[in-house]
Each structure stands twice: as C-alpha cells, then as structure tokens.
Amino acid sequence: MMSLGIAVVALLVVMLFALIRALAGPKIYDRVLAVNMFGTKTVLLIAVYGFLTERPDFLDLSIFYALINFIGVIAVLKFIERIEEYDEVEEQ
Amino acid sequence: MNAFSLFNYWIVIILMMAGFYTVIASGNLVKKIVGLNIFQTSVFIMYISMGKVIGGTAPIVTVNSELYSNPLPHVLILTAIVVAVATTALGLSLVIRIKEAYHSIEEDDILAISQREDEAE
Amino acid sequence: MVADLLTWIFLLAGSVLGITGAWGLMTFPDFYARVHAVSIADTLCAACFILGLVFQAGWSLVTIKLLIVLTLLWITSPTSSHALVRAAYRAGLRAMTHGNKQSSEVQS
Amino acid sequence: MLAITAIAVVRFRRLFTVVMLFGIYSLLSAMIFVVLDAVDVAFTEAAVGAGISTVLMLATLVTTGRHEKPPRHHPLLPLAVVTVTGAGLIWGTLDMPGFGNPADPVHHHVADRYVIESPREIGIPNMVTSVLASYRGYDTMGEVIVVFTALMGVLSLIGIRRQRKQSTPPPENSATRRPYPVLQVMAILLIPFIILFALYVQFHGDYGPGGGFQAGVIFAAAIILYTLNFGLDDAMLLAPPKVVLRLSALGVLIYAGTGVVSMLNGGNYLDYNALSHDPLQGQHFGILVIELGVGITVAAVMIAIFFAFAGKTEKQ
Numbered sequence: 014m015m016s017l018g019i020a021v022v023a024l025l026v027v028m029l030f031a032l033i034r035a036l037a038g039p040k041i042y043d044r045v046l047a048v049n050m051f052g053t054k055t056v057l058l059i060a061v062y063g064f065l066t067e068r069p070d071f072l073d074l075s076i077f078y079a080l081i082n083f084i085g086v087i088a089v090l091k092f093i094e095r096i097e098e099y100d101e102v103e104e105q
Numbered sequence: 071m072n073a074f075s076l077f078n079y080w081i082v083i084i085l086m087m088a089g090f091y092t093v094i095a096s097g098n099l100v101k102k103i104v105g106l107n108i109f110q111t112s113v114f115i116m117y118i119s120m121g122k123v124i125g126g127t128a129p130i131v132t133v134n135s136e137l138y139s140n141p142l143p144h145v146l147i148l149t150a151i152v153v154a155v156a157t158t159a160l161g162l163s164l165v166i167r168i169k170e171a172y173h174s175i176e177e178d179d180i181l182a183i184s185q186r187e188d189e190a191e
Numbered sequence: 002m003v004a005d006l007l008t009w010i011f012l013l014a015g016s017v018l019g020i021t022g023a024w025g026l027m028t029f030p031d032f033y034a035r036v037h038a039v040s041i042a043d044t045l046c047a048a049c050f051i052l053g054l055v056f057q058a059g060w061s062l063v064t065i066k067l068l069i070v071l072t073l074l075w076i077t078s079p080t081s082s083h084a085l086v087r088a089a090y091r092a093g094l095r096a097m098t099h100g101n102k103q104s105s106e107v108q109s
Numbered sequence: 290m291l292a293i294t295a296i297a298v299v300r301f302r303r304l305f306t307v308v309m310l311f312g313i314y315s316l317l318s319a320m321i322f323v324v325l326d327a328v329d330v331a332f333t334e335a336a337v338g339a340g341i342s343t344v345l346m347l348a349t350l351v352t353t354g355r356h357e358k359p360p361r362h363h364p365l366l367p368l369a370v371v372t373v374t375g376a377g378l379i380w381g382t383l384d385m386p387g388f389g390n391p392a393d394p395v396h397h398h399v400a401d402r403y404v405i406e407s408p409r410e411i412g413i414p415n416m417v418t419s420v421l422a423s424y425r426g427y428d429t430m431g432e433v434i435v436v437f438t439a440l441m442g443v444l445s446l447i448g449i450r451r452q453r454k455q456s457t458p459p460p461e462n463s464a465t466r467r468p469y470p471v472l473q474v475m476a477i478l479l480i481p482f483i484i485l486f487a488l489y490v491q492f493h494g495d496y497g498p499g500g501g502f503q504a505g506v507i508f509a510a511a512i513i514l515y516t517l518n519f520g521l522d523d524a525m526l527l528a529p530p531k532v533v534l535r536l537s538a539l540g541v542l543i544y545a546g547t548g549v550v551s552m553l554n555g556g557n558y559l560d561y562n563a564l565s566h567d568p569l570q571g572q573h574f575g576i577l578v579i580e581l582g583v584g585i586t587v588a589a590v591m592i593a594i595f596f597a598f599a600g601k602t603e604k605q
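One line per chain: the protein sequences are A, B, C and D, in this order. The working numbering puts the last residue of the first sequence at 105; the count rises by one with no breaks. The working numbering puts the last residue of the second sequence at 191; the count rises by one with no breaks. The working numbering puts the last residue of the third sequence at 109; the count rises by one with no breaks. The working numbering puts the last residue of the fourth sequence at 605; the count rises by one with no breaks.
In case anyone wonders, no lab produced these hints; they're calculated from the structure. Any given hint might turn out to be false.
Here are some of the chain B residues that sit facing chain D, going by a computed Cβ distance under 10 Å [stated by the list, open to error]:
1) Val82
2) Met87
3) Ile183
4) Gln185
Covered stretches of chain D (in silico footprint by chain B; criterion: 3 or more residues with CB under 8 Å from a CB of chain B, positions within the stretch not fixed) [as the list claims (entries may be wrong)]:
5) 335 to 347
6) 441 to 447
7) 512 to 523
Once the Cα atoms are required to be at most 25 Å apart in a straight line, the calculated SDA-like pairs of lysine to any residue come out as [said to hold, decoys possible]:
8) C:Lys66 - C:Ile76
9) A:Lys40 - C:Val3
10) C:Lys66 - C:Val3
11) B:Lys169 - B:Leu146
12) C:Lys66 - A:Leu65
13) A:Lys40 - C:Leu7
14) C:Lys66 - D:Val324
15) D:Lys531 - D:Phe574
16) C:Lys66 - C:Thr28
17) D:Lys531 - D:Leu542
18) B:Lys169 - D:Phe492
19) B:Lys102 - D:Val324
20) B:Lys102 - D:Leu534
21) B:Lys169 - B:Ala182
22) D:Lys531 - D:Gly546
23) D:Lys531 - B:Glu176
24) C:Lys66 - C:Val86
25) B:Lys169 - B:Asp179
26) A:Lys40 - C:Lys66
27) A:Lys40 - D:Met441
28) D:Lys531 - B:Arg186
29) B:Lys102 - D:Phe492
30) B:Lys102 - A:Leu36
31) B:Lys102 - D:Thr438
32) D:Lys531 - D:Met552
33) B:Lys169 - D:Gly442
34) C:Lys66 - C:Ala48
35) A:Lys40 - C:Ala48
36) B:Lys169 - D:Gly520
37) A:Lys40 - C:Leu52
38) B:Lys169 - B:Arg186
39) C:Lys66 - D:Phe492
40) B:Lys102 - B:Lys169
Glycine included, C-beta positions come from ideal geometry on N, C-alpha and C.
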C-alpha cells in the first residue's frame, strides 16, 4: 500500500508542475500541452486512487477521462485553427 | 481536528468568492459565464463534502463495507450539474446573439450603444 | 510477495519518469523541446503505472479494464501530441534552433 | 489538493486561457468528487464540465473574439464586496458541523432510509441510481424537462443552420482546412468504442457508476468528435437534426409514459412496483426504461446544442 501512496504523491507533484506550465506557458500551445498532460495524469491518479481505497471497480471513470481528454484537446486545436482563420480574415 | 474540520467550507467559500468576483468585476460576458460556473461548482463541492462520511465508501453496495457516504447529496448534485450545463448553453447562445446585435460582448460597450440608440429615438 | 515487489518497482519507475517529464515541461526553453519531454516520458510512465497496478489486481475484470485504459492512453496521447505539434507548426511556430547549428543537425 | 484548485481558479486574464483553465478546473473538481466518494457525480462533472461546456465555450469564443478589454472600473469596490461577503460566510461556517462526521444532521433525515432500505426495496446496488430514478423520480423528470426546455431556448435564440446540399460547392476558405488523415483515422477507430462504452455505461448504471445522463453525454461526445474531424455537413448526414430533435422529445415521452403506464397498472404515477408482478422486478424494469429515456434526451439535446454552436462558428 505504501507504494500506492508514493505514486499518488508523485502524480500530485507532476500535476502541480503541469498546472504551473499551464498558468505560465508563453504560447497557447504550451498550455494545451500542459492540459493534455494534466488529463493523462488524472487518469492515472484515478486508477491508483481506486486501488488505494480498495475499490478498483471505478476504472470506468479512468477510461472515460481518457476519452474526454482526447476529445477536449482535439476540440481546442480545431478551434484554435478556426480562430486564426478569423484573425487572418480580419487583418485582410 | 477542530480547526481542520471546517477546512472544506473555507475552500468552498474561497472558490465561491472567486466566481463571484469574476461575475461582478469583469465586463466580458463570456468571462462572467465562466465565473458563474465556478460559483456553481463551489456549491456542488459544498454539497458533496457534506455528504462525505469519514471511513465510509462510495454508495454502491459491496460485501466488504458497511458504512457508506450519503447518496442524497450526490443525487441532487447530479441533476444540478446537468441543469447547469443546460443553463450554460443557454447563456452562451444569448452571448452569441448579443454579439450579433451589438458587435461586442463587453458590458460597457453594450450599455453605451443602447444608450445612444435611446437618445436617437 | 513477488507481485508486491514488482508493483513497487513499476510504480517507482513510473513516478520517476513522470516527474522527469514534468521537470522537462517546466524547464525546457522551447515548445518543441517540451513536447518531446512530455510525450516520451508520459507514454512510458502510463505504461509503468498500469503494469504496476495490474500486478496488484491479479487476473480479473479489473485487469482487463486497466489494459483498456492503457490502450486508450497509448492511442490517444501520441495522437494528440502529433496534432498539437502539427497545429503549432502550421501556425508558424518554429523551433528555437534557427541559426544555432549545433543542435539543429542532431537527429535521432 | 483542494488548495490547488483555488490557485487554479483565481488566476485569470486572457479569455482563451480562461477557458482552458476552466477545463483543468473541472477535471480537478471531478477528482475531488472521487476522493469524496461521489463517483457518479465525478462522472457527470467530468463529462459535462471538462467535455461539453468547454467545447461550447470555445465555440462561443470563435464567434465573439478572444480578447478581453481591460476593465474600466476600479476593481477595488467589487473586491471589497467580495471580501466582506466571504468574511461573513466564514463567520457563518463556525456553526456548521465538522467534515465527515457521521453524526451530522444531514445524514439522519431521509438518508438513513435510502442507505439501509434501498437494496431491499429497489434491488440494485447503486444507491445513487435508485434514489435518482425511483425515490426521486419526479425531480429527475422535472430535470429532464428543464434540459429539454434549454434546448428549445437555444434553438429559438440561434437555431441550427440548414444542411448544405451535396451539390453546392464548399465555401472558399475550406482550402485552408484540409482533411487531416491521422486524426480522421483515429476518430474512426475510437468512435465505435466510445459508443459501445456509452451503451455499457447506460445499462451498467444499476451496478456501478453511470446511468442515463453520463451515457447520453458520452454518446454526444462521440458525435462531437466526428463533427470536429469531418465537418458539420457530414455529421448532419450521420445524425440529421430533425431526427435528433424528435429523439429529444421521445426521451421525455418515454419517461413520462412510464409513469402513465404504472398508473394504468394500478399504481401511482412513476410507481414502478406496479409494472410487474414482482415489485423488485418492476422497479428494475422501470429504472431501466426511464434511464433509457433520460439517456436519449440528454444525448439528443447535447448533440443539437452542439450543432447549433458549430453552425455559428462556420457562418459569417
């Protein structure tokens, strides 16, 4: 059980780093990258936490988070492209 | 234990005030909606944290546990979240309409434009 | 007992990798370098974590679900990194190595 | 960990960043819900907060522009108001019961009954589902109707744009938006899996976390992924808006109809015991059916709202 605790702490540290990068990131892409990483770590954290509390049947949540994270990142990228098209149109 | 036991409420209040501040201090309508969402989430967290029982587990019956957290707040919040997204969608569509009508989503600009229109009449 | 030991090893390895990736994300000077750090470390880190948990779970439905999570992560996370880099490149963001011949020649 | 959330929220400036941070914030709060044992709620919050609302906000930003003007008023007055209110609320909490104490008044009104009796009366392990669908069936029905009404509101405000005919040439700026094979292949691989997962969540809601709301949102997420990768017109061929709208009404009808059927069988409105000879089986059956109704409505409403917003981002 000790190892699971260490893993949770490590994941929290990683998420803290990702959060800092998301707040500081100079470019929008840095932020997207941080959000993506944050999502991955959330998936892992939920899985580990399920084992820590001895109810590992909540892995459905993990699966679902992985999906939502992917869809979210794709949506952000698509909309960034679209916004840039708008900006170009406005500049012309 | 005594000081720590009210910790969850304080966090809720900090979040709630952050949302409240965003709503009243920001002039941008989209940002106001984000603030509103944060406010809502703080209320959700408050309900859920009231439903937590230390030592309990999630309210799905298992063989090896007797103590469960309170399912009632969970149900309330479940419905509240879905209603929240419905209202968010409605608010955002209002924002889009406002943008089309006034070409701006800043509160000050909109007020100025509508004032000018009133004077023109 | 062996399973516990393996869990320890894998979880520790995963934690170290994850923190390495995060450190890269924090300190690297350039967007592309950061993507590099994060995407590589992340993939292996996820694998380590999931494998560690698999040893904890034994053979059951939980194992299958864990493997599904792993597959999903392995499919989605490189795809989104790829899409991200592509979007950044097409938006005109270039790597920092322009005029810096040392590092621009290095390819792996 | 709760404190991280607070930090994440208070920092705000540019709108795009705000929305992205809001996505992170939703994930974090969903995680907090997991830690606080509210698995179902976490499911919904992640789906709705990190998924749907973020996508909708992004779509709005595309049409409205992403730069916020600096505030013209001095922020001191709002800050003062907020501080005073916050201080008052903190003073108010001093009388609140402590965190996680089983002796709280919250846990002793009707909750006891739900926790102790529901496995016997309803016969399904997930108490949240049984309370949601059976004891509080009226609330949930009202809530489904609220969602439906919101759809009506959105449609009356912005509407779904017409489907383009196949023969009409694509708009001229689509040359800059070439198809992107990698993502399209991934989407094709993932979408069947997502829909399968949605069905699993829908019908497994009695035993594990999940149910109609979550399944509906996941299903909508599959359609959204398709729309993002293949464009709105193709998605409208896949899920024609007319059918989607009919489906959203059908879901409400299934829910309300279940109540009427149970009335015809001699019970009260939404009293599932009357649906079958064996009360337990009746309960099970009733919950399954109304969850189906909820799922259909939520999925259809989300898809329709997304179509409306996506149509707005493409026009002009």
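Going down the list of hints, with the structure as the test:
1. Taking 10 Å as the C-beta cut-off, the interface hint given for Val82 (chain B) holds, the closest approach to chain D being about 9 Å.
2. Taken as an interface hint, Met87 (chain B) checks out: its beta carbon lies about 4 Å from the nearest beta carbon of chain D, inside 10 Å.
3. Below 10 Å, beta-carbon pairs count as interface contacts, and Ile183 (chain B) has none with chain D, the closest being about 14 Å; its hint is therefore violated.
4. The restraint placing Gln185 (chain B) at the interface with chain D is violated, with a minimum CB-CB distance near 15 Å, outside the 10 Å limit.
5. Chain B is given as covering the segment 335 to 347 of chain D, and this holds because 6 residues of the stretch bring a CB closer than 8 Å to a CB of that chain, at least three being needed.
6. Judged by the Cβ-Cβ criterion of 8 Å, the segment 441 to 447 of chain D is covered by chain B as claimed, because 4 of its residues qualify and three suffice.
7. For the segment 512 to 523 of chain D, the stated coverage by chain B is not satisfied: 0 residues place a CB nearer than 8 Å to a CB of that chain, which falls below the threshold of 3.
8. Using a Cα cut-off of 25 Å, the hinted pair Lys66 (chain C) and Ile76 (chain C) holds, with the two alpha carbons roughly 15 Å apart.
9. Between Lys40 (chain A) and Val3 (chain C) the CA atoms are separated by roughly 46 Å; this puts the pair beyond 25 Å, and the hint is violated.
10. A distance of roughly 22 Å separates the Cα atoms of Lys66 (chain C) and Val3 (chain C); the hinted pair therefore holds under the 25 Å criterion.
11. About 34 Å separates the Cα atoms of Lys169 (chain B) and Leu146 (chain B), which puts this hinted pair outside 25 Å; it is violated.
12. Distance hint between Lys66 (chain C) and Leu65 (chain A) is fulfilled; the C-alpha atoms sit about 17 Å from each other, no more than 25 Å.
13. Straight-line distance between C-alpha atoms of Lys40 (chain A) and Leu7 (chain C) comes to about 40 Å, which puts the hinted pair past the 25 Å bound.
14. This hinted pair checks out: Lys66 (chain C) and Val324 (chain D) have alpha carbons roughly 20 Å apart, not beyond 25 Å.
15. The suggested pairing of Lys531 (chain D) with Phe574 (chain D) is violated, with an alpha-carbon distance near 30 Å, which exceeds 25 Å.
16. A threshold of 25 Å between alpha carbons decides the hint, and for Lys66 (chain C) with Thr28 (chain C) the separation of about 35 Å lies outside it, so the pair is violated.
17. A distance of roughly 17 Å separates the Cα atoms of Lys531 (chain D) and Leu542 (chain D); the hinted pair therefore holds under the 25 Å criterion.
18. A hinted pair counts as satisfied when its Cα atoms are at most 25 Å apart, and Lys169 (chain B) with Phe492 (chain D) does not qualify at roughly 42 Å.
19. About 29 Å separates the Cα atoms of Lys102 (chain B) and Val324 (chain D), which puts this hinted pair outside 25 Å; it is violated.
20. As the CA atoms of Lys102 (chain B) and Leu534 (chain D) are separated by approximately 30 Å, the hinted pair breaks the 25 Å bound.
21. Restraint check for Lys169 (chain B) and Ala182 (chain B): the C-alpha separation of about 14 Å stays at or below 25 Å, so the hint holds.
22. As the CA atoms of Lys531 (chain D) and Gly546 (chain D) are separated by approximately 22 Å, the hinted pair is consistent with the 25 Å bound.
23. Using a Cα cut-off of 25 Å, the hinted pair Lys531 (chain D) and Glu176 (chain B) is violated, with the two alpha carbons roughly 35 Å apart.
24. Distance check on the hinted pair: Lys66 (chain C) and Val86 (chain C) sit about 30 Å apart at the alpha-carbon level, beyond 25 Å; violated.
25. Under the criterion of a C-alpha separation no larger than 25 Å, the hint pairing Lys169 (chain B) with Asp179 (chain B) is consistent with the structure, at around 11 Å.
26. Distance check on the hinted pair: Lys40 (chain A) and Lys66 (chain C) sit about 36 Å apart at the alpha-carbon level, beyond 25 Å; violated.
27. In summary, the hint linking Lys40 (chain A) to Met441 (chain D) is not supported, as the alpha carbons are separated by about 38 Å, beyond the 25 Å threshold.
28. Restraint check: the Cα-Cα separation between Lys531 (chain D) and Arg186 (chain B) comes to about 41 Å, which exceeds 25 Å; the hinted pair is violated.
29. Restraint check for Lys102 (chain B) and Phe492 (chain D): the C-alpha separation of about 38 Å exceeds 25 Å, so the hint is violated.
30. Of the supplied pair hints, the one linking Lys102 (chain B) and Leu36 (chain A) holds, its CA atoms being roughly 20 Å apart against a limit of 25 Å.
31. The hinted pair formed by Lys102 (chain B) and Thr438 (chain D) meets the criterion: a straight-line CA distance of about 23 Å does not exceed 25 Å.
32. The hinted pair formed by Lys531 (chain D) and Met552 (chain D) fails the criterion: a straight-line CA distance of about 31 Å is larger than 25 Å.
33. Our distance criterion of 25 Å between C-alpha atoms is met by Lys169 (chain B) and Gly442 (chain D), whose separation comes to about 17 Å.
34. For a cut-off of 25 Å, the pair hint linking Lys66 (chain C) to Ala48 (chain C) stands: about 14 Å separates their Cα positions.
35. Between Lys40 (chain A) and Ala48 (chain C), the direct Cα distance comes to roughly 29 Å. Violation of the 25 Å bound is thereby established for this hinted pair.
36. Using a Cα cut-off of 25 Å, the hinted pair Lys169 (chain B) and Gly520 (chain D) holds, with the two alpha carbons roughly 24 Å apart.
37. Among the hinted pairs, Lys40 (chain A) with Leu52 (chain C) is inconsistent with the structure: their alpha-carbon atoms are about 35 Å apart, more than 25 Å.
38. The hinted pair formed by Lys169 (chain B) and Arg186 (chain B) meets the criterion: a straight-line CA distance of about 17 Å does not exceed 25 Å.
39. Between Lys66 (chain C) and Phe492 (chain D), the direct Cα distance comes to roughly 17 Å. Compliance with the 25 Å bound is thereby established for this hinted pair.
40. For the hint pairing Lys102 (chain B) with Lys169 (chain B), the CA-to-CA distance comes to about 15 Å; that is within 25 Å, so the pair holds.
Hint compliance for this structure: hints 3, 4, 7, 9, 11, 13, 15, 16, 18, 19, 20, 23, 24, 26, 27, 28, 29, 32, 35, 37 are broken, all remaining hints hold.
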